[in-house]
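Participant: Okay, here's what each chain looks like letter by letter:
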Amino acid sequence: MSGTQTAIGPYSDVIRERWRRPRFRGELPGANAVAEDVNPLCGDRVRVMLRLADDRVADARFTGDSCAICAASADVTAELVAGRPVAEARRVAAIDVLAVLQADIRPTRMRCVTLPLSVLEQALGDVPGAGHPRLAPGSRTPLQ
Amino acid sequence: MRLDEKTRPDFPILARVINGHPLVYLDSAASSQKPLSVIEAMSQYYERSHANVHRSIHTLGEEATELYEHARDRVQRFIGAARREEIVLTRGTTDGLSLVADALCRTLAPGDQVVVTEMEHHSNLIPWQMASRRQGLRLAAVPVTAGGLLDLDALDRLLTERTRVVAFAHVSNVLGTLNPVLEIARRARRVGAITVVDGAQAAPHLPLDMSALECDFYAFSPHKMLGPTGIGVLYGRWERLEHLEPTRGGSEMIKEVWIDRAQWNDLPWRFEPGTPPIAEAVGLTAAIEYLEKLGMDRVAEHERALARRTLDGLGAIPGVRVFGPPSTVDRGAVVAFAVDGLHPHDVAALLDAEGIAVRAGHHCAMPLMRRLGVVGTTRASFSVFNSHEEIGRLLTAVAGLRAAL
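Here the protein sequences line up with chains D and A, keeping their order.
Just so we're aligned: the first sequence equals residues 1 to 144 in the working numbering.
Just so we're aligned: the second sequence equals residues 1 to 405 in the working numbering.
In case anyone wonders, no lab produced these hints; they're calculated from the structure.
You may find that some hints are simply not true.
Said to hold, decoys possible - To give an idea of the chain A side of the interface with chain D (calculated C-beta under 8 angstroms), a few residues:
#: 1; residue: ALA300
#: 2; residue: ASP340
#: 3; residue: HIS343
#: 4; residue: ALA349
Stated by the list, open to error - Partial selection, computed: residues in chain A whose CB lies under 8 angstroms from chain D:
#: 5; residue: LEU208
#: 6; residue: HIS345
#: 7; residue: GLY355
#: 8; residue: ALA403
Unchecked claim - Sample of chain A residues lacking proximity to chain D, with all beta carbon distances greater than 12 angstroms (derived):
#: 9; residue: LEU14
#: 10; residue: ARG16
#: 11; residue: HIS58
#: 12; residue: GLN135
#: 13; residue: TRP238
#: 14; residue: MET253
By construction, the Cβ of each residue, glycine as well, lies at the ideal position given by its N, Cα and C atoms.
Could you put the whole structure together from the sequences, leaning on the hints where they help?
Facilitator: Take a look at the structure:
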């Protein structure tokens, strides 16, 4: 459910805040775990960059071109993993992101929330035989 | 009386309140709303006259058959077809186009060419892709100009004596472009190619006359013209249909059957296997009656004015880009647009929060999106019951979007 009275549809205060003033959007020098994916149906595109050190996610950033819900989810996802042990980062799920977003997300927009999470999974190398391989740091997107 | 004032009371769904606001339905290009007369016609059919069609000896069967075949006659008149045998009732535009692509392409030889366009809805593209792959045909596309029109010079360069089919939309479901069907049909005929027209966005909004369009096949969907889902119309010029081998078999489309062979039924039933969408045909008749009472010229004029107001209004909002031809002479009843810095889905969701229903995304036209350099757009589309006040609400809402998010 939306967490505030000023929510407009799915756009809670948190989503609007994260869309206008993201905390974790940008490049990450020294990133050593990078992945990117796109939802071709809607055009949401998210790139997640992590700097992994000593089994921790030392830092995390995202870039991309997406709707506000996806961008907010990416920002929150990065926040939830930055500074955490990799094992904990692997366990971050939609329910955790939704708890921060405090938004009324209907089924049609749930993919917007989960896309950054699946890209995170790829960056952490969680998905065996994933169709989208982890990218070399600093590489351009292989997606057309 | 304005057309919306006259028609709004006939549409029960317009009483809906969405997210605290009266519904403003601007998504008729996806599917249109239904007047009570259509809804009641279908209910009454089930309450009083339903039975299976064509071979029933009993009274209800005769009634149902008469109602079903009457729909065919109404469609024939509505689109100016020369014979009732030229009207095949399908399950929708997609179904009709798929039927034609399949059946037509089986008659073609490897290396023959099918020409489509960059602005096609996937339903007038995928069937040709599939058939081309299966039959070893070459597939080429007429490009769209920067002005949102089909590049007819490029069409001429594509047309050769190996071009067997030219498939294109009458009206683009994104750009609103009204394509010159007669002109394209003539150019196609000069090289001996068959024309297949996707009329889904035209039939609800323009007076149609197949004899004036001179195309070979024309498909459209009743659910986009105030009628029910689950039924479609495929017009096929008699000479073309008569020589097309059916690809879908079953009951109804046969005359006599043995174990190893069958004798096909006459046109048009040859292309209508199985129990048809009977109630839907009744709804289609009611929809045509409703539209004919309004007059398609008047419908076209009303929607053109709405499109004009939308084009002008959106064009005046800073940061809003409108797609398609700038003039309403070359356009149908859709206006696609983009708001700078906002994803189309966000635009649509914010409008929905104010009760305004528009469509956002690629509109089943991904090659066109690529040509436009976007992944999607937001699209407003119009019908008989839309009003200038509603356009005003849309424009006010769009103007306030960037501040909202």
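Participant: So, for every hint listed, does it hold in this structure?
Facilitator: Here is how each hint holds up against the structure:
1. ALA300: violated (33 angstroms)
2. ASP340: violated (13 angstroms)
3. HIS343: holds (4 angstroms)
4. ALA349: holds (5 angstroms)
5. LEU208: violated (33 angstroms)
6. HIS345: Given a least distance of 5 angstroms, the restraint on HIS345 of chain A holds.
7. GLY355: violated (11 angstroms)
8. ALA403: violated (11 angstroms)
9. LEU14: holds (21 angstroms)
10. ARG16: holds (16 angstroms)
11. HIS58: holds (46 angstroms)
12. GLN135: With a cut-off of 12 angstroms, GLN135 of chain A remains clear of chain D, as the shortest Cβ separation is near 28 angstroms.
13. TRP238: TRP238 of chain A clear of chain D: closest Cβ-Cβ about 41 angstroms, beyond 12 angstroms.
14. MET253: holds (37 angstroms)
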